[in-house]
Amino acid sequence: MNSRFILPALLMYSWALAAPSSELVAILVVRENVLEGGKVVEYVGAQRHPVGSEADLERLLQGLSRMPRPARFVFRQDKGWIAVEKTGYSFDRARARTAYNEAQKAGRREFVLPVLSQAPKQGVVELYQQGILELIGEGRTNFRGSLPTRVHNIRLASSRFEGVRIPAGSVFSFNRTLGPVTAAAGYQKAWVIRGSRTVWDVGGGVCQVCTTVFRAAYFSGLPLVERYPHSYQVGYYRPTGLDATTAPPKDLRFKNDTPGPILIQTSIDGYELIFRFFGRKDRTVTWSGPYVSDRKPPLPTRYTYDPSLPRGYRRQIDFAAEGAVVRVYRTVRLNNGVVRSDTLTSRYRPWGAVYLLGPRR
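Numbering (this note's numbering), first residue to last: 18 to 378.
Check before you lean on any hint, since a few could be wrong.
[Claimed, not checked] Restraint ranges, calculated between C-beta atoms of paired labels, are given here: (1) Pro315 x Thr362: 17 to 25 Å; (2) Gln146 x Pro315: 50 to 58 Å; (3) Pro327 x Asp95: 48 to 56 Å; (4) Val188 x Pro315: 33 to 41 Å; (5) Gly124 x Val46: 19 to 27 Å; (6) Gln64 x Ala370: 53 to 61 Å.
Please keep in mind that the hints were generated in silico from the structure rather than gathered at the bench.
Glycine residues also receive a C-beta, built at the ideal position from the N, C-alpha and C atoms.
Please take these sequences and the hints and turn them into a complete structure.
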């Protein structure tokens, strides 16, 4: 399960700094666990830091002190997806000063920092033991053009899912994991679809998160239990037919039928929201589409007077979209030979562009 790799100077967790002859070099021995290639590897190395006085030593100890951080998967070009953790470091100031002074008196050029290491509560070894070993699927959506309040809501809602684990055999509920979408919970007002209208209300943008979670589950090959498309084809959610909305009591639910738990990680890259599922990959997924039929032209453009806008100002809050039936086909091939196929059908109503108009000039 665990192998050990001794790092030479200047490698992964080590670096050397040249010190003038009047300075000592403080050595911090570093041990980090990494999950790579399906096994836990311990990397051992040394950081070397020049120290010219006790004041330098104090500043160094402050800079090196840190809290432990739980394991997280990161992508490396040479290794693919690996899980790394950060050990916490704290120092006994008195012992460190003693080590420094004794090295000076003995004429040594180096001394080892006495460090108290603290492993994270959810570390690499735990991931390995639970079978959370690799990327099994991901979902992406783009929110470019969103208002600042909508971006705020996307960031807040997606943070609720970071680090969530879905036990094997359980049904995941988006609404239950998300919690209340209220001003008291920190959400702001943005444009929200309410039936046949777009209204200014708390929580606009949460469906962006719902759609991204849905795509991660869909492309991971997980069975869908409950999913609802939006009323119309929303521009943020291209390609069409791969969206999901939530408006309680409606929910997004899917089952984890993989051999072990699934770890959710979230990230935002520019204007792209990304959800990744990590676990034990026991299937391959292929899909085709979208296939569009029963097209209907968009509704006429609507203009609504808004006295709060500047004179002569016009703001578009909705975009025209044709009505359609959209189908996406998915095939899931399990490693045990079982093959599952399903059809995702979305029925969108035609939608018209909507503009808010300020007072005339």
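Check: Looking back at the numbered hints, which does the structure fail to meet, lowest number first?
Finding: No numbers; nothing is violated.
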